[in-house]
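A.B. asks: Each chain, letter by letter, is given below.
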Amino acid sequence: MFGFWHKFLVGTVTMVAGLGVAQADTLRLISLGGNVTEIIYALGGDQWLVGTDQSSLYPLAAQDLPNVGYYRRLPAEGVASLRPTLVIASENAGPPRSIEQLRALGITLITVSDQPTVASLHRRVNEIARAIGRSSEAPAILEKFDQSLAQARGHFSPNMRAMTVVMRSGQMLGAGGGSTADAILKLAGLTNVLSSQAGYQPLSAEVVSALAPDVIVITSSSVESMGGIQNVKASAILKHTPAVANDRLIVLDDLLAQGFSLRLPETISQIRQGIDSTHLKSPHAQTH
Amino acid sequence: MSSQIAQSTPSLLLQDVVINRGSRCVLPRLNLRLEPGHLLGVLGPNGSGKTSLLKACVGELALAGGAIYLNNQRLDQHNAKQLSRLRAVLPQSGHLTFDLPVHELIQMGVYPFTEIAQSDVRRWTDQAIAMADVEPLMNKRFATLSGGQQQRVQFARVMLQIFAIKAVNGHAFLLLDEPTSNLDPKHQGLLIRAVREMVNSRQVGALVILHDLNIAARWCDRVLLIAENQRPVLGSPATVFTEKTLKTVYGIKMQVSQHPARPNQLLILDNEH
Amino acid sequence: MLRLTNLNSRHRGLLLIATGLCLATLMAITQGAYPIILMDLIGWLLGGSMDQVAENVVLNIRLPRVLLGLLTGAALGLSGAVMQALFRNPLAEPGLVGLSAGASLGAVIAIVLTSGGLLLVGGFAFIGALGATFLAYTLGQRSSNNAGLLLAGIAINTIGFSAMGLLIVQANDAELRDLTFWNMGSLAGANWSILAWLAPWITVTSCLLMRHWRALNALLLGDHETFHLGFDLPQLRGRLITLIALTVAPTVAVTGGIGFVGLVIPHLVRLWLGADHRWVLPASCLGGALALTLADWVARVAMPPMELPIGLVTSLIGGPFFVWLLMRDKQA
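Protein chains in written order, with the working numbering: chain A, 1 to 288; chain B, 289 to 561; chain C, 562 to 893.
In short, the hints are calculated from the structure, not lab data.
It is possible that part of the hints are untrue.
[Unchecked claim] Among the chain A residues that face chain C by a calculated CB cut under 10 Å, a handful are:
hint : residue
1    : L43
2    : G51
3    : P66
4    : N67
5    : P75
6    : A76
7    : G78
8    : A80
9    : L82
[Claimed, not checked] Label-pair distances were calculated between CB atoms; the ranges are:
hint : chain 1 : residue 1 : chain 2 : residue 2 : range
10   : A       : H155      : C       : L728      : 56 to 66 Å
11   : C       : P881      : B       : N488      : 55 to 65 Å
12   : A       : H240      : C       : V673      : 28 to 38 Å
13   : C       : L674      : A       : H155      : 45 to 55 Å
14   : A       : H122      : C       : M600      : 49 to 59 Å
15   : A       : P96       : C       : I720      : 48 to 58 Å
16   : A       : S195      : C       : I720      : 30 to 40 Å
17   : C       : L674      : B       : A405      : 54 to 64 Å
18   : C       : F882      : A       : P96       : 30 to 40 Å
19   : C       : L674      : A       : L211      : 51 to 61 Å
20   : B       : Q370      : C       : F882      : 54 to 64 Å
21   : C       : V614      : A       : S209      : 53 to 63 Å
22   : C       : W753      : B       : R362      : 17 to 27 Å
23   : C       : S754      : A       : H122      : 34 to 44 Å
Because the structure is a prediction, the values reported are computed rather than measured.
The beta-carbon is built from N, C-alpha and C at its ideal position, and this holds for glycine as well.
Start from the sequences and build out the full structure, keeping to the hints where you can.
C.D. replies: Listed below in structure tokens is the structure:
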């Protein structure tokens, strides 16, 4: 513990002095939570990463790192075995016991804000930047983010009724209030017809017809599991919606659809494109 | 007056006992007293209530009337543990969920007596094994034995329990439900002789349900003949086994004569055409 | 002469299991995701010193976890053996008859409706376990073969998990994921304060259960014989079911549901040492501890740094074994 602070102090001092080189090789970083990992990569912290968790799927390179499993069920010994000097975890990581155990082993574990709000994202970027000694990079990233987001949101809000659906174990679920998908729809200027619902719940044709969403956002893996966009449009639950009638089905990459990350502006603009598009085929989101 | 006698000697006493099976009355008012040194045979056609009587004496069946006393205490006032230390029961047939080796099954006879010394247990076990003639079966598994062999193994277990009860109480009661049904003539004889031997020691009173009239005639001190819709008949074999009574009870003609080899004994044969 | 040899073989069997258990425990303590050189560890065990972090890993993570595995495995193995005799059914075990579901439901109710302190959760888990076991027993009695008991267990498992689902219908995605993991069981929640009460508790209830070996043997002969040999059947059943619930419920409250240990271990023990409960009970206890310790070791070292849920490991092994049992069990 003392060792880390010592290094951090030295690192900061040298940076401030303009030498700009932290004691990079002694920092062993583990990132827990997809939203955390993405930011670490954005801040250039990936050079120190020695391990991540199961939900850290973006960027692709993260998937090649040692994987400690589900971030809400962390194996303390497993995390410790990677000999991290710093662990940055989503505030949702757990179980509390494992977090305790890691700290008791003398590992510096920092939890960062991880809620589906822009404010939380800002906080997260700043907290992570501070933790890895890249505080100077944070403002630029955030400014770029804010600008892109504003651009993507545009001046007008489409103010349409929308919902996000996913296929899970053969069932079609809709994203209710409080979920990341809900926050994204709101940011895109849409009204989530399912906002009064708690979390992800199965959908019924009757309820969906009554709610009559103008826009439907669906993840690409869900489309795949249903065998293509035509099947989605023909599905009993969705086929009577205005969204299908007007061909406003937006297919998003899974990570874009369910992660509240720095790529949010991209997500928003894809949704907007899907709404504004007058083509017969809805644009497919593509990973770059 | 009967209670005065009861206070002095150990006994199994049935007073005005009425037993129902469902709505049917199988035993209307039976009075019976069994003391150590006596072997009582219970006979009758199938379904006449013999097993129900045994179950009632064992404490498994509630009475519709009257009371049963074991050593001056009402049967229902004994708990299971106390009963197991006074009497041993050999049921008609046994079944086993899991297969136990024979020697372990026999050892179960001493379960009511955790305080007895191992040396005594070993000695009695060997005696019981000899009495039941199951030495050659000792290392086999129970489920692999024939019906008759299984019966003999259970008999050894019951004998072990009787030895233990005798040692602790001075006397014991033995109740057997058709113990000879599955056995070949040799082992039938062995078993009933073993029971007779125990009874002769004056420390054991036995109640045996039998089908074979001749075995009953030869070995029992008294017999109880029960049949549906009839008053039970209790007495020595000579008094009970008359052709008239047997015809009434069993519904077939029987010939009762003197046994050719043993003058004091009866020989009963089916005399239907 | 005959009996002397038999006695020796039983003693030998128990000794073998105990030895295996010690070895497995040592292996579990010395191996894990965190790399610790065996020589260093042995040196430390013998009074030397070791790297601070390694020492912490062993003392505060591995050791409590291994001990929890021993206690839970012992509880499950022993309870399975007792259940199989009590229900007169070789397929009975805490998971199958719904005891774990009942305990889980109780625990979840406690967590949702109360603040969820350990005592409350444990208490609710116990009540749930007791209720579920009684229900399974009563329902199972109505039919004379295995089917009744299994169906009762399926019914209770279904009801238990549905009820839990209902309670958590307001839960978000993450909590649902948590429930799935909880149902697969985990020894990761082990710490010394839990062990401080769990260890004496399990020890006491296990000893009380093992004292009933004669009664359980008598049960093998049938209800009537059990009575003839001096055991009050209703009292005995009530006592055994209560003790089983008391033994298993706390472990479920701590570890979640771990299945198949209670089913497989007593069977293996019976195959090897015979059906006499004098040996089956302690052997199932030790054997269960051994099995779960090994399963947890597999869970920890199979795909480092990840840990597999332990219920997954026991199901992967226990499931096929269960199928094999069903196929060979002709005495249905």
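A.B. asks: Give a verdict on every hint.
C.D. replies: Now for the hints, and whether the structure bears them out:
1. At about 24 Å, the closest approach between the beta carbon of L43 of chain A and any beta carbon in chain C exceeds 10 Å, and the interface hint on this residue is violated.
2. Hint status for G51 of chain A relative to chain C: holds, with the closest Cβ pair at about 7 Å, below 10 Å.
3. For P66 of chain A, the shortest C-beta to C-beta distance to chain C is roughly 6 Å, which falls under 10 Å, so the interface hint holds.
4. About 6 Å separates the beta-carbon of N67 of chain A from the nearest beta-carbon of chain C, less than 10 Å, and the hint is met.
5. For P75 of chain A, the interface hint holds, since its Cβ comes within 10 Å of a Cβ in chain C; the closest pair sits about 4 Å apart.
6. For A76 of chain A, the interface hint holds, since its Cβ comes within 10 Å of a Cβ in chain C; the closest pair sits about 5 Å apart.
7. Look at G78 of chain A: its Cβ gets to within about 3 Å of chain C, closer than 10 Å, so that hint holds up.
8. Annotation: A80 of chain A was flagged as interfacial toward chain C, and the flag holds, the nearest CB pair being 5 Å apart, inside 10 Å.
9. With a least beta-carbon distance of about 6 Å to chain C, the hint placing L82 of chain A at the interface is held under the 10 Å criterion.
10. The supplied range of 56 to 66 Å is broken by H155 of chain A and L728 of chain C, whose beta-carbon atoms lie about 46 Å from each other.
11. Range check, P881 of chain C to N488 of chain B: about 60 Å between beta-carbon atoms, so the 55 to 65 Å window is met.
12. As the Cβ distance of H240 of chain A to V673 of chain C is approximately 37 Å, the hint placing it in 28 to 38 Å holds.
13. Distance hint check for L674 of chain C and H155 of chain A: the Cβ-Cβ separation is about 49 Å, which falls inside the suggested range of 45 to 55 Å.
14. Range check, H122 of chain A to M600 of chain C: Cβ separation about 50 Å, and the 49 to 59 Å hint holds.
15. With their beta carbons about 30 Å apart, P96 of chain A and I720 of chain C fall outside the hinted range of 48 to 58 Å.
16. Taking the beta carbon of each, S195 of chain A and I720 of chain C are about 32 Å apart, inside 30 to 40 Å as hinted.
17. One distance hint, 54 to 64 Å for the beta-carbon pair L674 of chain C and A405 of chain B, holds here, with the actual separation near 57 Å.
18. Look at F882 of chain C against P96 of chain A: about 35 Å separates their beta carbons, and that is inside 30 to 40 Å.
19. Between L674 of chain C and L211 of chain A the beta carbon distance is about 32 Å. The supplied range of 51 to 61 Å is therefore violated.
20. The beta-carbon spacing between Q370 of chain B and F882 of chain C, approximately 43 Å, falls outside the hinted interval of 54 to 64 Å.
21. Range check, V614 of chain C to S209 of chain A: about 59 Å between beta-carbon atoms, so the 53 to 63 Å window is met.
22. For the hinted restraint 17 to 27 Å between W753 of chain C and R362 of chain B, the CB-CB distance of approximately 56 Å leaves it violated.
23. For S754 of chain C and H122 of chain A, the hinted distance range of 34 to 44 Å is satisfied, since their beta carbons lie about 39 Å from each other.
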